[in-house]
Amino acid sequence: MSFARELSELTGTDAASFGGKSAALGELLAAGLRVPPGFALSHEAFTRGRDEAAMPAAVREQITRHYAALARQAGVPEPPVAVRSSAVGEDSETATFAGQQETLLWVRGVDAICDAVQICRQSLFSVEAVAYRRHIGDTRDPAMGVAIQLMVDAAVSGVLFTCNPLSGDPSMVAINASWGLGLAVVGGEVTPDDYLISKVTREVVREQLGVKTLEYVPDPAGSGVELREVPTDRAAARCLDEPAIAALLDVARAAEHHFGCRQDVEWAIARAGSAPDNVFVVQSRPVTTVAPPAPAAPVSAITLVMAKFGAKP
Amino acid sequence: MATTAAAPSAFPSPFSIETPAGCEGWQQMYPYYAVFDERRRDTDEDRFWFWNSMHFPFPMPAFDVICIDSPYQAVGSWQNRVFAVPPAMGIDYRIVNGYVYISGNPVTDPAKIAERAEFFQARAGYYYANWTELYAKWRAKMEALIAELGDLKVPELPEYEPDEVAFREDRNTAFYEVLSAYGRALRLGDLMWQHHFEFLLLGYGAYGTFAELCKTHLPDIPDQHIAQMVAGIDVLLFKPDAELRRLAALALEIGVDAAFASGRTPAQIDAELEQSEAGRSWLAELEKVKDPWFNMATGDGLYHYYRSWLDDPRIPYASLTGHIEALRAGASVERPTAALERERERLAQEYGALLDPGTRQAFDELLALSRTVFPYVEEHKFYCDYWFLTRWWNKIREFGELLRRHGFLDDAEDLFQLTRHEVGSALDELVLTWATGGVALGPKHWPPIVEARKQLLQRMAQWTPPPAIGTTPEAVTDPMTIMLWGVTTERVREWAGQQEGGLVLRGAAASPGLVEGIARVISSVDEIAEVQDGEILVCGSTSPAWAPIFPRLRATVTDVGGVMSHAAIVAREYKLPAVVGTGRATAAIRTGQSIRVDGSTGVVTVLES
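Sequences listed follow chains A and B, in order.
Under the working numbering, the first residue of the first sequence carries the number 1039, and numbering increases by one thereafter.
Under the working numbering, the first residue of the second sequence carries the number 5, and numbering increases by one thereafter.
Isolated chain A (complex conformation) (with noise of 0.2 Å):
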């Protein structure tokens, strides 16, 4: 079995090779929702431990030939991407590893590629890793697939859940957006907008707009990103219009529909087109820390209000 695989080609099943995030985004592109394309790693592709240094030539060699395709999906010599770790176990319904392992941005070229997975490979083994695997009582030996996929190149991204992630309201969208790349929101380095979007009136239900200080942006030398500073009136603008509300109404519809649970939903608007088209998801996974109410027992109307009144039968 290959150990390199196009995102397209990947569904749920995949998700102990080639780890959680890797899976979903295969899932999410067989529901139809723009993803922008890439490829995946199995975590059989490296050689378990930590000291393992040095890049399989095996591995070299299939990145080498998956990312070639994806530039000439590109058309474009070295196009940027993003290389997410997929950890095994990550994105389940019972923990996020929310910013555990390591995502690098606008990476460009096969060299970069290598260095960028010997990272997110090494995150798994971070402080804040081992210690969020012991909180949750995972003694699993810990492995790890990548995901690389082209880089859209974000005016607006963010995070959305497909429910109120505080109180649990399945009515209702959650929506936080920033300018530039999602690493802002995610890395809790900006206040951003919020929204709360109703799923039955697709009306905004409350709106707090964040004071979005500091974007990143890809690096002008070519590779990487650099985080500046937002100009006062444009940190203070609203950054989500109501054709991007909707788009993402949308989105959050469809993700949860798919994947018949709550998700939380990253996304990225691209500066050229306009929505929907333009709107993307670079990832999705289960909400795992508000659980659906456990289904209630059929009780009475009658017994209900009778309650109400401190009157139990």
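Hints listed in this document are in silico derivations from the structure and should not be mistaken for laboratory results.
Predicted model only: the values in this text are computed from it and were never measured.
Please note that the accuracy of each hint is not assured.
[Said to hold, decoys possible] Computed cross-link-like contacts, DSS-like style, restricted to lysine-lysine with a CA-CA straight-line distance of at most 27 Å:
| # | chain 1 | residue 1 | chain 2 | residue 2 |
| --- | --- | --- | --- | --- |
| 1 | A | K1350 | B | K116 |
| 2 | A | K1350 | B | K219 |
| 3 | B | K157 | B | K399 |
| 4 | B | K294 | B | K157 |
| 5 | B | K292 | B | K116 |
| 6 | B | K385 | A | K1346 |
| 7 | B | K292 | B | K458 |
| 8 | B | K116 | A | K1346 |
| 9 | B | K219 | A | K1237 |
| 10 | B | K219 | B | K294 |
| 11 | A | K1346 | B | K219 |
| 12 | B | K458 | B | K448 |
| 13 | B | K385 | B | K448 |
| 14 | B | K399 | B | K243 |
| 15 | B | K141 | B | K292 |
| 16 | B | K385 | B | K141 |
| 17 | B | K385 | B | K243 |
| 18 | B | K243 | B | K145 |
[To be verified] Derived, one-sided and incomplete: chain B residues facing chain A with beta-carbon distance under 10 Å:
| # | residue |
| --- | --- |
| 19 | L206 |
| 20 | I225 |
| 21 | A322 |
Backbone N, C-alpha and C fix where the C-beta goes; we use that ideal spot for every residue, glycine too.
With the hints as your guide, set chain B onto chain A.
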């Protein structure tokens, strides 16, 4: 998660509130039992009283106190003595500097609660089971009451009684008729309040249960959507405006719309309409609509100065002018009832579909029950608060006019500066001196009192009442206080926070839970080692890299960050209360300060420096 009740004395004692300058003696215009009195201090001081600003936002004129006594007599009768709501008796009130504070009487003895539950289930169950039929009877009862009020005559005091009194044995003299009419007017008011509360608690209870079910399972559902699912499409309260829309269309149709030029008074409009045959026919049509649909109040409240559209037609005429302009501009002024009906069903379907099957069944049943009770919840306002009450105040005004004619008052409206008992006393003297031919003291006695009270009311209006007084409750459990006034434990805590005057920061509620603790402000990751167990971390932003210390913290507060940052997600997984994006926590809070973090509302309060 540790929770801490607000400090016991967050609110001022009712006995420590000072009388504003120039308001001395305000107590004299209120009943002896309506004020905080030293003889009742031991029980009153230990209770929680909140300002009923919903019904009584302004200082109470002396007569209007009847709209406190009567409703609370009625609500307590139904709630406590008829339905025996298990944990709650009735509502006590006290007046402070003219403002009304209320406090529920709880039932705390479990045996008593169980005993009351038996009554409640049988009696409330009967009402819910027969609601539609009982409500139809209620409407008939209210209409009969309103008719009786209309028929009630306030008699004249003639120089000579008419012949019938002399020659027929079943006639009474005017002294008796005046006193009897006044007594009957007061009793009709009491009856209205009795009817008002017959269904109200149960109606609100059913609706409140449905709303609670929605909010438990759909915590962010806007109240508006809950109301939309329940509210009737074609209800009584829309009828007055619907009639105005119809009249506006009629005015255009028969070509009299030009009379409604903007800037004209209702009298000027009427005068122009009187000039033409078409105009007169429109006015005749308006006359037919007025009763009952112009019995709308111009304000929403229980004060005598809220008149009806009949008394002050500026509001309906302004609406007519607006509807005519809209129709001329080609707009439709019809309510799209079919579309509203479809949207109501769609909301109910879509929200219902988000629930698990067991909850869905309760949702559907409660929605059906709520729709059954809701016509009463909406319509009692028209029958009681608008139709009856505006007419009742006018009936009382007739007694004011009687007193004015006989020199007891300078103006009929001055009656409302006297208590209902003082008015009874003035009428007693009036009919006495009318009968005896003696000299009345009233004309010298009452006008100065009226004048002094008008000034008192003006001065008391300058005072700002605290939201609550007395002892802070650990939790608000009284179902009526919560249902009717929305006074919940959270609301009381909010008020208490305002009273404490501590610094309050607001951010995004990133991870729920309410805790208090000592702040540790750190400016860089290098200082993370200084954090002590059980402290609240205050920092610029958090990183998932800090997760290893999360189990040692009581909460986190950050200057920047959103609820979907990785740090916020991890905080929720660790069940660590968090408020993010406060903007200035690291600048405003110092290490060692005691702070309260409410991760459910996003509020951080500095308790002490």
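Hints, one by one, checked against the model:
1. K1350(A) with K116(B): Holds: K1350(A) and K116(B) sit about 14 Å apart, inside 27 Å.
2. K1350(A) with K219(B): This hinted pair holds, its Cα atoms lying about 21 Å apart.
3. K157(B) with K399(B): holds, 9 Å
4. K294(B) with K157(B): Cα-Cα ~22 Å, so holds.
5. K292(B) with K116(B): violated, 54 Å
6. K385(B) with K1346(A): Measuring from Cα to Cα gives roughly 23 Å; hence the hint holds.
7. K292(B) with K458(B): violated, 39 Å
8. K116(B) with K1346(A): Distance of about 17 Å is within 27 Å: holds.
9. K219(B) with K1237(A): holds, 16 Å
10. K219(B) with K294(B): Between K219(B) and K294(B) the Cα gap is close to 41 Å, so the pair fails against 27 Å, i.e. violated.
11. K1346(A) with K219(B): Holds. K1346(A) to K219(B) sits at ~14 Å (cutoff 27 Å).
12. K458(B) with K448(B): With Cα atoms ~17 Å apart, K458(B) and K448(B) stay inside 27 Å; holds.
13. K385(B) with K448(B): The given pair, whose Cα atoms are some 40 Å apart, is violated under the 27 Å limit.
14. K399(B) with K243(B): holds, 25 Å
15. K141(B) with K292(B): holds, 25 Å
16. K385(B) with K141(B): Satisfied, since the Cα-Cα distance of roughly 17 Å is no more than 27 Å.
17. K385(B) with K243(B): holds, 13 Å
18. K243(B) with K145(B): Roughly 21 Å between the alpha carbons, so the hint for K243(B) and K145(B) holds.
19. L206: holds, 8 Å
20. I225: holds, 6 Å
21. A322: violated, 30 Å
The structure does not agree with the numbered hints 5, 7, 10, 13 and 21 stated previously, though it agrees with the rest.
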